[in-house]
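Student: Sequence:
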Amino acid sequence: MLQISVKEGESIERALKKYKKKFERTQVLKELRARKEYTKKSIVRRQQIIKAEYVEKLKAAE
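For what it's worth, numbering that gives the first Met the number 0 labels the leading residue of the sequence shown as 0, then goes sequentially.
These are calculated hints, taken from the structure and not from any lab test. Since we're looking at a predicted model, the values are computed, not measured. Keep in mind that the hints are not guaranteed to be accurate.
Derived pair list, reagent style BS3-like, types lysine-lysine, alpha-carbon separation capped at 30 angstroms [what the hints assert, rightly or not]:
#1 K39 - K29
#2 K6 - K16
#3 K50 - K35
#4 K39 - K16
#5 K20 - K58
#6 K40 - K6
#7 K35 - K16
#8 K6 - K39
#9 K39 - K56
#10 K40 - K50
#11 K17 - K39
#12 K19 - K6
#13 K56 - K40
#14 K40 - K17
#15 K16 - K29
#16 K21 - K50
#17 K6 - K20
#18 K29 - K58
#19 K50 - K39
#20 K50 - K20
#21 K29 - K19
#22 K35 - K20
#23 K21 - K6
#24 K29 - K17
#25 K50 - K19
#26 K19 - K35
#27 K40 - K16
With these hints in hand, go ahead and build the complete structure from the sequences.
Tutor: So, in structure tokens, the structure goes:
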């Protein structure tokens with residue numbers, strides 16, 4: 000369960016923004032979507048390799 004500390008006088012919008020950011024960092028939604036349907040290990044591995052190559056190209060371009 001996620002918990003956020005709300006300081007006195009802090010608006011609810013600010014607290015919700017903190018909560019959403021914390022929720023996003025935990026990657027719960029990403030995991031739920033991944034578990035919706037089975038993905039073969041070979042496909043997962045291939046996607047990781049493609050992503051790593053892409054990130055490497057971006058870093059090399061800088």
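Student: For each hint, tell me whether it holds in the structure or not.
Tutor: Hint check results:
1. For the proposed pair K39 and K29, the alpha carbon gap of about 17 angstroms is at most 30 angstroms, so the pair holds.
2. For the hint pairing K6 with K16, the CA-to-CA distance comes to about 14 angstroms; that is within 30 angstroms, so the pair holds.
3. A hinted pair counts as satisfied when its Cα atoms are at most 30 angstroms apart, and K50 with K35 qualifies at roughly 21 angstroms.
4. Under the criterion of a C-alpha separation no larger than 30 angstroms, the hint pairing K39 with K16 is inconsistent with the structure, at around 36 angstroms.
5. Restraint check: the Cα-Cα separation between K20 and K58 comes to about 26 angstroms, which is no more than 30 angstroms; the hinted pair holds.
6. Distance restraint check for K40 and K6: the Cα-Cα separation of roughly 45 angstroms exceeds the 30 angstroms cut-off, and the hinted pair is therefore not satisfied.
7. Between the alpha carbons of K35 and K16 the distance comes to roughly 27 angstroms, so the proposed pair stays at or under 30 angstroms and holds.
8. Between the alpha carbons of K6 and K39 the distance comes to roughly 46 angstroms, so the proposed pair goes past 30 angstroms and is violated.
9. Restraint check for K39 and K56: satisfied, since their Cα atoms lie roughly 26 angstroms apart, inside the 30 angstroms limit.
10. With a CA separation close to 15 angstroms, the supplied pair K40 and K50 stays within the 30 angstroms bound.
11. For the given pair, K17 sits about 35 angstroms from K39 by alpha-carbon distance, which is inconsistent with the 30 angstroms threshold.
12. At most 30 angstroms may separate the alpha-carbon atoms for a hinted pair to count; K19 and K6 meet this at roughly 17 angstroms.
13. Under the criterion of a C-alpha separation no larger than 30 angstroms, the hint pairing K56 with K40 is consistent with the structure, at around 24 angstroms.
14. For the hint pairing K40 with K17, the CA-to-CA distance comes to about 35 angstroms; that exceeds 30 angstroms, so the pair is violated.
15. Note on K16 and K29: the hinted pairing holds, with a Cα-Cα distance of about 19 angstroms set against a maximum of 30 angstroms.
16. At most 30 angstroms may separate the alpha-carbon atoms for a hinted pair to count; K21 and K50 meet this at roughly 24 angstroms.
17. With a C-alpha separation of about 17 angstroms, the suggested pairing of K6 with K20 holds against the 30 angstroms cut-off.
18. Distance check on the hinted pair: K29 and K58 sit about 25 angstroms apart at the alpha-carbon level, within 30 angstroms; holds.
19. A distance of roughly 17 angstroms separates the Cα atoms of K50 and K39; the hinted pair therefore holds under the 30 angstroms criterion.
20. Under the criterion of a C-alpha separation no larger than 30 angstroms, the hint pairing K50 with K20 is consistent with the structure, at around 24 angstroms.
21. For the proposed pair K29 and K19, the alpha carbon gap of about 14 angstroms is at most 30 angstroms, so the pair holds.
22. A threshold of 30 angstroms between alpha carbons decides the hint, and for K35 with K20 the separation of about 23 angstroms falls inside it, so the pair holds.
23. Between K21 and K6 the alpha-carbon distance is near 16 angstroms, which keeps this suggested pair within the 30 angstroms criterion.
24. Pair hint K29 plus K17 holds up; C-alpha atoms about 19 angstroms apart against a cutoff of 30 angstroms.
25. With a C-alpha separation of about 26 angstroms, the suggested pairing of K50 with K19 holds against the 30 angstroms cut-off.
26. For the hint linking K19 to K35, the alpha-carbon distance of about 22 angstroms falls within 30 angstroms, and the restraint holds.
27. A C-alpha spacing of about 35 angstroms is found between K40 and K16, which places the hinted pair above 30 angstroms, so the restraint is violated.
The structure is inconsistent with the numbered hints 4, 6, 8, 11, 14, 27, although it conforms to all the rest.
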